[in-house]
Amino acid sequence: MKIRLLFTYLFFISLHVSAQKGILVIQTDFGQKDAAVATMKGVAMQVSAQLRVFDLTHEIPPFNIWEAAYRLEQTAKYWPAGTVFVSVVDPGVGSERKSVVLKTKSGHYFVSPDNGTLTLVSQTLGIAAVREIDEKVNRLKGSADSYTFHGRDVYDYTGARLAAGVIKFEQVGKRLPDSVMRIPFQQPELLHGVINGNIPVLDIQYGNVWTNIPEKLLKEAGVHFGDMLKVTIWEDQTPVYRGILPFVKTFAEVAPQKEMCYVNSLLNLSIAINLGNFANQHHVGSGPEWRIEVMKN
Amino acid sequence: MKIRLLFTYLFFISLHVSAQKGILVIQTDFGQKDAAVATMKGVAMQVSAQLRVFDLTHEIPPFNIWEAAYRLEQTAKYWPAGTVFVSVVDPGVGSERKSVVLKTKSGHYFVSPDNGTLTLVSQTLGIAAVREIDEKVNRLKGSADSYTFHGRDVYDYTGARLAAGVIKFEQVGKRLPDSVMRIPFQQPELLHGVINGNIPVLDIQYGNVWTNIPEKLLKEAGVHFGDMLKVTIWEDQTPVYRGILPFVKTFAEVAPQKEMCYVNSLLNLSIAINLGNFANQHHVGSGPEWRIEVMKN
Amino acid sequence: MKIRLLFTYLFFISLHVSAQKGILVIQTDFGQKDAAVATMKGVAMQVSAQLRVFDLTHEIPPFNIWEAAYRLEQTAKYWPAGTVFVSVVDPGVGSERKSVVLKTKSGHYFVSPDNGTLTLVSQTLGIAAVREIDEKVNRLKGSADSYTFHGRDVYDYTGARLAAGVIKFEQVGKRLPDSVMRIPFQQPELLHGVINGNIPVLDIQYGNVWTNIPEKLLKEAGVHFGDMLKVTIWEDQTPVYRGILPFVKTFAEVAPQKEMCYVNSLLNLSIAINLGNFANQHHVGSGPEWRIEVMKN
Numbered sequence: 001m002k003i004r005l006l007f008t009y010l011f012f013i014s015l016h017v018s019a020q021k022g023i024l025v026i027q028t029d030f031g032q033k034d035a036a037v038a039t040m041k042g043v044a045m046q047v048s049a050q051l052r053v054f055d056l057t058h059e060i061p062p063f064n065i066w067e068a069a070y071r072l073e074q075t076a077k078y079w080p081a082g083t084v085f086v087s088v089v090d091p092g093v094g095s096e097r098k099s100v101v102l103k104t105k106s107g108h109y110f111v112s113p114d115n116g117t118l119t120l121v122s123q124t125l126g127i128a129a130v131r132e133i134d135e136k137v138n139r140l141k142g143s144a145d146s147y148t149f150h151g152r153d154v155y156d157y158t159g160a161r162l163a164a165g166v167i168k169f170e171q172v173g174k175r176l177p178d179s180v181m182r183i184p185f186q187q188p189e190l191l192h193g194v195i196n197g198n199i200p201v202l203d204i205q206y207g208n209v210w211t212n213i214p215e216k217l218l219k220e221a222g223v224h225f226g227d228m229l230k231v232t233i234w235e236d237q238t239p240v241y242r243g244i245l246p247f248v249k250t251f252a253e254v255a256p257q258k259e260m261c262y263v264n265s266l267l268n269l270s271i272a273i274n275l276g277n278f279a280n281q282h283h284v285g286s287g288p289e290w291r292i293e294v295m296k297n
Numbered sequence: 298m299k300i301r302l303l304f305t306y307l308f309f310i311s312l313h314v315s316a317q318k319g320i321l322v323i324q325t326d327f328g329q330k331d332a333a334v335a336t337m338k339g340v341a342m343q344v345s346a347q348l349r350v351f352d353l354t355h356e357i358p359p360f361n362i363w364e365a366a367y368r369l370e371q372t373a374k375y376w377p378a379g380t381v382f383v384s385v386v387d388p389g390v391g392s393e394r395k396s397v398v399l400k401t402k403s404g405h406y407f408v409s410p411d412n413g414t415l416t417l418v419s420q421t422l423g424i425a426a427v428r429e430i431d432e433k434v435n436r437l438k439g440s441a442d443s444y445t446f447h448g449r450d451v452y453d454y455t456g457a458r459l460a461a462g463v464i465k466f467e468q469v470g471k472r473l474p475d476s477v478m479r480i481p482f483q484q485p486e487l488l489h490g491v492i493n494g495n496i497p498v499l500d501i502q503y504g505n506v507w508t509n510i511p512e513k514l515l516k517e518a519g520v521h522f523g524d525m526l527k528v529t530i531w532e533d534q535t536p537v538y539r540g541i542l543p544f545v546k547t548f549a550e551v552a553p554q555k556e557m558c559y560v561n562s563l564l565n566l567s568i569a570i571n572l573g574n575f576a577n578q579h580h581v582g583s584g585p586e587w588r589i590e591v592m593k594n
Numbered sequence: 595m596k597i598r599l600l601f602t603y604l605f606f607i608s609l610h611v612s613a614q615k616g617i618l619v620i621q622t623d624f625g626q627k628d629a630a631v632a633t634m635k636g637v638a639m640q641v642s643a644q645l646r647v648f649d650l651t652h653e654i655p656p657f658n659i660w661e662a663a664y665r666l667e668q669t670a671k672y673w674p675a676g677t678v679f680v681s682v683v684d685p686g687v688g689s690e691r692k693s694v695v696l697k698t699k700s701g702h703y704f705v706s707p708d709n710g711t712l713t714l715v716s717q718t719l720g721i722a723a724v725r726e727i728d729e730k731v732n733r734l735k736g737s738a739d740s741y742t743f744h745g746r747d748v749y750d751y752t753g754a755r756l757a758a759g760v761i762k763f764e765q766v767g768k769r770l771p772d773s774v775m776r777i778p779f780q781q782p783e784l785l786h787g788v789i790n791g792n793i794p795v796l797d798i799q800y801g802n803v804w805t806n807i808p809e810k811l812l813k814e815a816g817v818h819f820g821d822m823l824k825v826t827i828w829e830d831q832t833p834v835y836r837g838i839l840p841f842v843k844t845f846a847e848v849a850p851q852k853e854m855c856y857v858n859s860l861l862n863l864s865i866a867i868n869l870g871n872f873a874n875q876h877h878v879g880s881g882p883e884w885r886i887e888v889m890k891n
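Protein chains in written order, with the numbering used here: chain P, 1 to 297; chain L, 298 to 594; chain Z, 595 to 891.
Next comes chain P alone, as it looks inside the complex (with noise of 0.2 Å):
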């Protein structure tokens, strides 16, 4: 009889252990002050007490696709294998783009519309599989009648089960090709001693300018710290920046307000004002359409 009691312990317990394993990670353009966010973690809590959920950001320029790819690309690879990310930034919510989950080879999944969102996470950390969401079968009970609230009531809602273990990806629906929506931009590059490529994003909070440069590209153009380089910032076909700068390891090397390089977080090329906001004093944007030049002077 306590043999019976204890294995019934064990079995509950079992569950809880396995159930923990549960990460979710929301990001959105919703921003936090209605209730819609809070929403998304009930349903998630209804699915599964255990669960742990984080938010990515919420602050996503609203119908800005391009910085949810980025900020998705940005974090995904420090979280451990099998979190299961869900992105909402949906201009075409109700138009004909497909609501899929996409694995990486690195184990993580990726619940989002694919609209571009998964442009660079899908490159960078490759296409394992991508399977459309079915939502006959996927989608909070008693939804049916909204037509609007697809975050919460489909991706949402497959992503904590996922997350949860209640599906598993192959219960998501069916597979498609293993390939997502890209949005167009200017690949790193290295041609005659001259370095391209796209200012992804700024370091908002700082101002920085963060580039998709990798370091590695710039030690094969010869470049290294203690360098002065010409850099040449364009938006689309209008030059908005040109200066020499230092390339130097940390902020302290130059004197508070003078312009540098360095390597960012990232280990990517980026070009800040010591103790300033170099994006708004040159006016520099991001996305896809802003190309950055780099050569050694």
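Incorrect hints may have been included.
Stated by the list, open to error - In silico lysine to aspartate or glutamate, DMTMM-like type, Cα no more than 20 Å apart, as pairs:
id, chain 1, residue 1, chain 2, residue 2
1, P, K258, P, D227
2, L, K395, Z, E847
3, P, K77, P, E96
4, P, K33, Z, E729
5, L, K400, L, D411
6, L, K330, Z, E653
7, Z, K627, L, E356
8, P, K219, P, D134
9, P, K141, L, E512
10, Z, K627, P, D55
11, L, K330, Z, D649
12, Z, K843, L, E532
13, P, K33, L, D431
14, Z, K843, L, E393
15, P, K174, P, E215
16, P, K98, P, D55
17, L, K438, Z, E809
18, P, K33, Z, E690
19, P, K168, P, D178
20, L, K330, P, D55
21, P, K249, Z, E690
22, L, K546, P, E96
23, Z, K627, L, E432
24, P, K98, L, E550
25, Z, K627, P, E59
26, P, K105, P, E132
27, L, K400, L, E356
28, L, K330, P, E170
29, Z, K735, P, E215
30, Z, K692, P, E253
31, P, K33, L, E550
32, Z, K810, Z, E887
33, P, K98, P, D178
34, Z, K762, Z, E729
35, L, K546, P, E135
36, P, K249, Z, D649
It is worth saying that the hints were derived from the structure and are not from the lab.
Chain P is already provided as a structure; the job is to place chains L and Z on it using the hints.
Using the frame of chain P, we list chains L and Z on its own:
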């Protein structure tokens, strides 16, 4: 001997598993620039490190009880029964308003000053019982000298204890009559083919105008997708907007920058400009004093 | 055989239960518009998925060490002993400031650059010991090429490992003398009936002015509720405000828009306009250079 050790293990585990059910959701008008919200979470962790603590929002405009009421209403039903909500929007702190816990028929708990914050959830989720917080029992130890942070010392502390199962609902304090303070506003109603309702809140991130008119009432009035609707919006006695708009299923059905009516994620009539900001463009606000009139054109 | 299985279960469960104690509280000046904070949480989840991770605030004004110090002080004592705080406000990243973990006599841990951030908690909670983070051991694997995101690679990683019990305090690195860098400011003092103090911070959401003058010192000076107080506020040598205000228990005791003194939730003297914004109206700021003088009228 081994068996005793084993049962000691099991005892602690069973404690642990039962405490895990506790979900605490916090709403305030404190913002998140200072440490007030974090302090409330610290107190919750002192009550039980097993609690799962979530933010509803902390961006309620200071002292805006109506918006606090609306945010609770917007999210509560999406959380599991047993969830405890703590809401601290309290312009009357230190005055004679009562501190209460409302249990709704849906099984949710709301810890709040009884100042109108419970207007909407008490109506839509139903009152099961209301109890007044007995501060002699349910107040953070050592906080008796503090006169102004009831949010931390009384509401949060009581909510955390309730969520963690440290106290039962009956131990909150003495039972009050089954009613709470309610702010008057235009209930949704259909009269001679004209639908009247309230604008409880804006979908601020996008500037959409949300009403309290349920889809069901539109159907009763014979309104169908594809119809043109004549809409008038009033602030008290002043007409602020008049227009004739299509009633559509999804944003994608109208051209960018076009006005439209749709059913929002709460299944209520809403008004928007596709990829634009209706509220800003037409200076429409929200609150108990905002009214909307809709009829088929 | 069953018994072996059972003990295997119990082994994993015991691991699980002990890891559950880990509470990690993160403060930065990063904002939440990008993925930096989320990345720190991802690293924490890699260390242990059992950690309970909280935000103190991420809205410290960029590089404002004083405010970082104050926010820690404001909240720390409300968290259980054993809580690990990680604070990353680090204008000197890459310079010679040390990376330390402070253990206070209250049993809390603070992981931070030693740049003044620990000024207040070291004073009020007491220094038990200070250790310098040994980056050879306590640094995220694979991050050695990254020069600038110590917040993620060193502070957060070390804090997560400490909170999860992966390392003990003694394994942080070598012990330093029992002191931290302190920013000078006006300590609260009573001299010939005049009380002097500092304005460490504003209650920004409401515009209330908080001082470091404890209620106890007011009592020593013979100040009682109902008294009128003569108040002068200085920024360095410049007087910014002079007034005579009632000392009241609650906001509700004065009419709307009236100025008043009260005791805030930290049991310190504070100044406000009931339902108004004192700081904005009188251009009062905060920081080590702000001083207040109070006496009975």
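Each hint tested on the structure:
1. Proposed proximity of P:K258 and P:D227 is supported: the alpha carbons are some 15 Å apart, at most 20 Å.
2. Straight-line distance between C-alpha atoms of L:K395 and Z:E847 comes to about 17 Å, which keeps the hinted pair within the 20 Å bound.
3. A C-alpha spacing of about 30 Å is found between P:K77 and P:E96, which places the hinted pair above 20 Å, so the restraint is violated.
4. For the suggested pair P:K33 and Z:E729, the alpha carbons sit about 40 Å apart, so the restraint of at most 20 Å is broken.
5. In summary, the hint linking L:K400 to L:D411 is supported, as the alpha carbons are separated by about 13 Å, within the 20 Å threshold.
6. At most 20 Å may separate the alpha-carbon atoms for a hinted pair to count; L:K330 and Z:E653 meet this at roughly 5 Å.
7. Between Z:K627 and L:E356 the alpha-carbon distance is near 16 Å, which keeps this suggested pair within the 20 Å criterion.
8. A C-alpha spacing of about 47 Å is found between P:K219 and P:D134, which places the hinted pair above 20 Å, so the restraint is violated.
9. Taking the CA atoms of P:K141 and L:E512, the gap is about 18 Å. The hint holds against a cut of 20 Å.
10. With a CA separation close to 11 Å, the supplied pair Z:K627 and P:D55 stays within the 20 Å bound.
11. For the given pair, L:K330 sits about 11 Å from Z:D649 by alpha-carbon distance, which is consistent with the 20 Å threshold.
12. Distance restraint check for Z:K843 and L:E532: the Cα-Cα separation of roughly 37 Å exceeds the 20 Å cut-off, and the hinted pair is therefore not satisfied.
13. Using a Cα cut-off of 20 Å, the hinted pair P:K33 and L:D431 is violated, with the two alpha carbons roughly 32 Å apart.
14. For the suggested pair Z:K843 and L:E393, the alpha carbons sit about 14 Å apart, so the restraint of at most 20 Å is met.
15. Restraint check for P:K174 and P:E215: the C-alpha separation of about 40 Å exceeds 20 Å, so the hint is violated.
16. With a C-alpha separation of about 24 Å, the suggested pair P:K98 and P:D55 falls outside the 20 Å cut-off, and the hint is violated.
17. Restraint check: the Cα-Cα separation between L:K438 and Z:E809 comes to about 18 Å, which is no more than 20 Å; the hinted pair holds.
18. As the CA atoms of P:K33 and Z:E690 are separated by approximately 40 Å, the hinted pair breaks the 20 Å bound.
19. Between P:K168 and P:D178, the direct Cα distance comes to roughly 18 Å. Compliance with the 20 Å bound is thereby established for this hinted pair.
20. With a CA separation close to 17 Å, the supplied pair L:K330 and P:D55 stays within the 20 Å bound.
21. With a C-alpha separation of about 14 Å, the suggested pair P:K249 and Z:E690 falls inside the 20 Å cut-off, and the hint holds.
22. A distance of roughly 14 Å separates the Cα atoms of L:K546 and P:E96; the hinted pair therefore holds under the 20 Å criterion.
23. A hinted pair counts as satisfied when its Cα atoms are at most 20 Å apart, and Z:K627 with L:E432 does not qualify at roughly 40 Å.
24. Distance check on the hinted pair: P:K98 and L:E550 sit about 17 Å apart at the alpha-carbon level, within 20 Å; holds.
25. Between the alpha carbons of Z:K627 and P:E59 the distance comes to roughly 5 Å, so the proposed pair stays at or under 20 Å and holds.
26. Straight-line distance between C-alpha atoms of P:K105 and P:E132 comes to about 18 Å, which keeps the hinted pair within the 20 Å bound.
27. For the given pair, L:K400 sits about 25 Å from L:E356 by alpha-carbon distance, which is inconsistent with the 20 Å threshold.
28. Between L:K330 and P:E170 the CA atoms are separated by roughly 43 Å; this puts the pair beyond 20 Å, and the hint is violated.
29. At roughly 18 Å between alpha-carbon atoms, Z:K735 and P:E215 fall within 20 Å of each other, so this suggested pair holds.
30. Using a Cα cut-off of 20 Å, the hinted pair Z:K692 and P:E253 holds, with the two alpha carbons roughly 17 Å apart.
31. For the hint pairing P:K33 with L:E550, the CA-to-CA distance comes to about 28 Å; that exceeds 20 Å, so the pair is violated.
32. Between Z:K810 and Z:E887 the CA atoms are separated by roughly 16 Å; this keeps the pair inside 20 Å, and the hint holds.
33. For the suggested pair P:K98 and P:D178, the alpha carbons sit about 14 Å apart, so the restraint of at most 20 Å is met.
34. At roughly 15 Å between alpha-carbon atoms, Z:K762 and Z:E729 fall within 20 Å of each other, so this suggested pair holds.
35. A hinted pair counts as satisfied when its Cα atoms are at most 20 Å apart, and L:K546 with P:E135 qualifies at roughly 18 Å.
36. Between P:K249 and Z:D649 the alpha-carbon distance is near 30 Å, which puts this suggested pair outside the 20 Å criterion.
Of the numbered hints listed earlier, those contradicted by the structure are 3, 4, 8, 12, 13, 15, 16, 18, 23, 27, 28, 31 and 36.
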